[in-house]
Amino acid sequence: MPVTARPLAGSFYRRDAADVAPDLLNKVIVHAGRAARIVEVEAYRGVDDPGSHAYRGRTPRNATMFGPPGRLYVYFVYGMHWCANAVCGDDGEAMAVLLRAAAPLRGLEAMRALRPSARRDRDLCSGPAKLCQALGLDGSHDGADLVAPGGGVRIVADGTAPPTEPGRSARVGLSTGADLVLRWFVPGDPNLTPGTKVMLIRG
DNA sequence: ACCGGGATGTTCT
DNA sequence: GAACATCCCGGTG
Numbered sequence: 001m002p003v004t005a006r007p008l009a010g011s012f013y014r015r016d017a018a019d020v021a022p023d024l025l026n027k028v029i030v031h032a033g034r035a036a037r038i039v040e041v042e043a044y045r046g047v048d049d050p051g052s053h054a055y056r057g058r059t060p061r062n063a064t065m066f067g068p069p070g071r072l073y074v075y076f077v078y079g080m081h082w083c084a085n086a087v088c089g090d091d092g093e094a095m096a097v098l099l100r101a102a103a104p105l106r107g108l109e110a111m112r113a114l115r116p117s118a119r120r121d122r123d124l125c126s127g128p129a130k131l132c133q134a135l136g137l138d139g140s141h142d143g144a145d146l147v148a149p150g151g152g153v154r155i156v157a158d159g160t161a162p163p164t165e166p167g168r169s170a171r172v173g174l175s176t177g178a179d180l181v182l183r184w185f186v187p188g189d190p191n192l193t194p195g196t197k198v199m200l201i202r203g
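Residues in the first sequence are numbered consecutively from 1, following this note's numbering.
Heads up, a few of these hints could be off.
Label pairs and their calculated CB-CB ranges [stated by the list, open to error]:
id, residue 1, residue 2, range
1, L108, G159, 16 to 24 Å
2, A178, T59, 18 to 26 Å
3, T176, E109, 37 to 45 Å
4, V172, S117, 32 to 40 Å
5, P149, D179, 38 to 46 Å
6, Y78, A9, 16 to 24 Å
7, S140, G57, 34 to 42 Å
8, D179, E109, 36 to 44 Å
9, A9, A32, 36 to 44 Å
10, G139, G33, 19 to 27 Å
11, D179, V47, 14 to 22 Å
12, D90, A178, 21 to 29 Å
Hints are computed from structural coordinates only; laboratory data are not their basis. A virtual CB, placed ideally from N, CA and C, is assigned to each residue, including glycine.
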């Protein structure tokens with residue numbers, strides 16, 4: 001099962017984030033005995049992407065984005081929330097895929113304990129900060145190696161293929177770079193970010 | 001269901 | 001001082 005499966009290879013991440021992102025749909029993120037199937041992601045394409053943290057160059061906060069790929073980039077936002085990305089591309093390209101929503105698979109009791117405000121299980125991981133809360137990811141996991149066999153945070157394949165026709169839309173919550181269509185999701189999944197379940201673009 | 005506002009503090013201008 | 005890759009709660013329909 002997911003908890004013992006092998007992580008994705010390093011070559012999986014060493015591609016453009018816009019190519020990695022749809023391939024991450026239906027993969028499984030595993031941490032601390034909990035597992036969830038990724039159903040919504042966004043690509044951030046480095047120093048040329050006005051919506052990316054890397055757009056204004058390297059800072060202490062975004063250093064993990066600049067490589068190597070296959071690491072977890074975890075950042076703090078709005079004074080209280082953590083969000084997690086998989087670093088992609090070549091070293092220095094500063095690309096990443098934001099993990100926006102997931103379907104809880106395993107360790108639901110622990111997730112409920114970490115997210116007491118979640119009324120239903122579909123509220124456990126239905127947003128980037130909720131996902132981090134439910135899985136117990138925070139700043140201490142920034143830079144974690146996703147590729148290492150014995151690593152604490154892993155992204156694994158359990159045999160479920162990504163959707164043949166993923167839903168696509170603009171990215172959520174941005175003031176700049178909001179026109180780019182760099183969000184992918186599993187159409188109709190109940191765990192998507194609330195208010196974004198409509199498929200805006202096909203293909 | 002949908003909408004509006006407040007929480008909360010790091011980061012960079 | 002402003003912005004911020006968000007979430008939650010309490011209103012209304």
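Structure-based check of all given hints:
no.: 1; hint: L108 x G159: 16 to 24 Å; result: 21 Å, holds
no.: 2; hint: A178 x T59: 18 to 26 Å; result: 22 Å, holds
no.: 3; hint: T176 x E109: 37 to 45 Å; result: 40 Å, holds
no.: 4; hint: V172 x S117: 32 to 40 Å; result: 20 Å, violated
no.: 5; hint: P149 x D179: 38 to 46 Å; result: 40 Å, holds
no.: 6; hint: Y78 x A9: 16 to 24 Å; result: 34 Å, violated
no.: 7; hint: S140 x G57: 34 to 42 Å; result: 25 Å, violated
no.: 8; hint: D179 x E109: 36 to 44 Å; result: 42 Å, holds
no.: 9; hint: A9 x A32: 36 to 44 Å; result: 23 Å, violated
no.: 10; hint: G139 x G33: 19 to 27 Å; result: 21 Å, holds
no.: 11; hint: D179 x V47: 14 to 22 Å; result: 18 Å, holds
no.: 12; hint: D90 x A178: 21 to 29 Å; result: 26 Å, holds
The structure is inconsistent with the numbered hints 4, 6, 7 and 9, although it conforms to all the rest.
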